[in-house]
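Asks: Below, each chain spelled out in residue letters.
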Amino acid sequence: MSKWTNHHQALLDALRADRIGPPVYACVADGAARDNMSSDLLRDWVTSMRADPGWRALEHVYDNPNAFPDAWDRATELGWSGRTDHHNALFFEDFTLDHLHLGNIERARWSWRHCLEAWSRCAASDYYRDLLDTLSDEADASVIAQANRRVLEPPAHALAEALRDALAVESGVREQVDADRADDIMSLVRQLADREPDAPNSPLQHGAATMREQLDGIVRELLSAFERAVDALDMVDDDQSSLLAPFERLREQFDALRIDDESAISVVDTTVAIIWKLRKLDRPDEDDIFVEMLDATRPFAEQLVRALSEGRAMGRQSLAADYLVFRGEQLVKNESIQFDFERALELCPGHRNASKMLSYMRLSQALAIISELSLLPGPIGKLPRVGEHIEASIHEAHDYVEEAASIFPTNERLPEYRSDIRGLADRFDVEL
Amino acid sequence: MTQEDNPFDELGIEPTASPERITAVLRERAQRASPAERERIKTLWRKLTINADERVRLALRAHPGDEDVGSRSTGELADLVPPRLGRLEPPVINATIEDVLLDDADEDDPPDECGPPAAFDRMSKLGD
Chain A
1 MSKWTNHHQA
11 LLDALRADRI
21 GPPVYACVAD
31 GAARDNMSSD
41 LLRDWVTSMR
51 ADPGWRALEH
61 VYDNPNAFPD
71 AWDRATELGW
81 SGRTDHHNAL
91 FFEDFTLDHL
101 HLGNIERARW
111 SWRHCLEAWS
121 RCAASDYYRD
131 LLDTLSDEAD
141 ASVIAQANRR
151 VLEPPAHALA
161 EALRDALAVE
171 SGVREQVDAD
181 RADDIMSLVR
191 QLADREPDAP
201 NSPLQHGAAT
211 MREQLDGIVR
221 ELLSAFERAV
231 DALDMVDDDQ
241 SSLLAPFERL
251 REQFDALRID
261 DESAISVVDT
271 TVAIIWKLRK
281 LDRPDEDDIF
291 VEMLDATRPF
301 AEQLVRALSE
311 GRAMGRQSLA
321 ADYLVFRGEQ
331 LVKNESIQFD
341 FERALELCPG
351 HRNASKMLSY
361 MRLSQALAII
371 SELSLLPGPI
381 GKLPRVGEHI
391 EASIHEAHDY
401 VEEAASIFPT
411 NERLPEYRSD
421 IRGLADRFDV
431 EL
Chain B
1 MTQEDNPFDE
11 LGIEPTASPE
21 RITAVLRERA
31 QRASPAERER
41 IKTLWRKLTI
51 NADERVRLAL
61 RAHPGDEDVG
71 SRSTGELADL
81 VPPRLGRLEP
91 PVINATIEDV
101 LLDDADEDDP
111 PDECGPPAAF
121 DRMSKLGD
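In order, the protein sequences belong to chains A and B. FYI, the numbering for the first sequence is 1 to 432, going by the working numbering. FYI, the numbering for the second sequence is 1 to 128, going by the working numbering.
Keep in mind that the hints were calculated from the coordinates and are not lab data. Quick caveat, the model's predicted, so the values are computed rather than measured. All residues carry an ideal CB built from backbone N, CA and C; glycine is no exception. Please note that the accuracy of each hint is not assured.
Claimed, not checked - Label pairs and their calculated CB-CB ranges: (1) A/Met314 / B/Arg46: 49 to 57 Å; (2) B/Asp5 / A/Ser142: 20 to 28 Å; (3) A/Arg16 / B/Glu10: 21 to 29 Å; (4) A/Lys3 / B/Ser73: 18 to 26 Å; (5) B/Pro19 / A/Ala33: 28 to 36 Å; (6) B/Glu98 / A/His7: 44 to 52 Å; (7) B/Asp5 / A/Arg279: 51 to 59 Å; (8) A/Met314 / B/Glu10: 49 to 57 Å.
Build out the structure end to end from the sequences listed, making use of the hints.
Replies: Put into structure tokens, the structure is as follows:
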């Protein structure tokens, strides 16, 4: 009887892999399988997998779709070799993008997680080091390092392109922003861009940096498009919807994105500038326009205020205060108006418009009390509990007026209010 | 959504193959290819050999492979398995039973006529 040779083993491995490869590939791909997947690739993958601890979790269920994805998660916990993980990383990268294209976002996220983790493990393995050593026989060390840095460029670029499309970055290609799809894609983008630092100079480390650069590039494109659109507005003749269109589009586009300090400054600056211009024109519909514009750009203003309170964006305090005053002017009288004016003064002490508006707010609060008390007959102040209430209210109104005076001493309504309060104090025999 | 097609995967060449090895493999394939396929092979050859940056980057993004096994069919692999001796064809036998029985016979001393041993007679009697 002849001895068992490498050829026997190769034939046996090939037969097993050809039997196992297609079903296990189909189960892991779950609808994202390529019709023309090479049997050569599957053969090497399966042969490598079957020698790994992870195979124990798959050997009895590899052709049972109902066992996945849990079986694959368990198998991964048991462990894969560097060579298997190299296969896994490339397969799962394909699955991620195909599932995204098909709209299966949960499966896309799962596949992407496994892709990134496989790359991380593979790059840290002896197998990968040996691969780089072998490749270095025919290439300089700098070439190897550069190629290693670029390993994850293709999926990063693919996700960036998908995001550009969903956000309608280039108008004319797609008019409407697909906000839901943008959200889905951003969840994948963040899985890579926000990843915890990997080993220095690892493919994943550089892939994360590439993803962040791509994202920054998209943000810059959106802001440029916004500024061009605003510059093109005809503030005299354009109707309300045309004037608001760039702001509404910007809000849709940035719903999925994270707003950084630079974006916040740029948008708030553009918004404040255009509001100043529109105010000079005194359009009859300016209040409606301002409300919508300010509402659309509020997330940017909040980011700017946050940046200022954390010690960044220095020199932009006046800009932030201008925005908050504009917003305060437009909102219906409620606590939020006062909050905006107070915030504006905190950010930019002595801001003239914020001081003036807050001073008038205090006078308004005093007026509410004055109006109420003016309706009461004088003798009612003689009643014990009523008299105490009236006295407390007059003191409260007096405090509001004096606070208004301290905030904005040249408020021209101050003498009038002080006179009213003195009148009430005399009527109800209250000492100020 | 399409991912970049990797020439190493498409051609079934080991990613660690040297430019010389790649050239030799592709030259052989080009000789058997149609004109359109030959153009494709030329494009892939340039991609893999002219720019070392691109070749190494594609190598890192190619599936690991073993040219000796992966690209061969199971039939080709079976042909590599050494044959067992038992598979040899037996020689053609033209002898008869008589040849076997009389193989060592001496013509001057022919064997006795074949028949059952005496014990059979005794056994027959016992069986009565």
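Asks: It remains to establish, for every hint, whether it holds in the given structure.
Replies: Here is what the structure says about each hint:
Look at A/Met314 against B/Arg46: about 53 Å separates their beta carbons, and that is inside 49 to 57 Å. For the pair B/Asp5 and A/Ser142, the supplied restraint of 20 to 28 Å holds, since their beta-carbon distance comes to about 27 Å. Distance hint check for A/Arg16 and B/Glu10: the Cβ-Cβ separation is about 25 Å, which falls inside the suggested range of 21 to 29 Å. Between A/Lys3 and B/Ser73 the Cβ separation comes to about 24 Å, which falls inside the hinted range of 18 to 26 Å.
A hinted range of 28 to 36 Å holds for the C-beta pair B/Pro19 and A/Ala33, which are about 33 Å apart. The hint said 44 to 52 Å for the Cβ distance between B/Glu98 and A/His7, and at roughly 47 Å that hint holds. Evaluation of the 51 to 59 Å hint for B/Asp5 and A/Arg279 yields a pass: the beta carbon distance comes to about 58 Å. The supplied range of 49 to 57 Å is met by A/Met314 and B/Glu10, whose beta-carbon atoms lie about 55 Å from each other.
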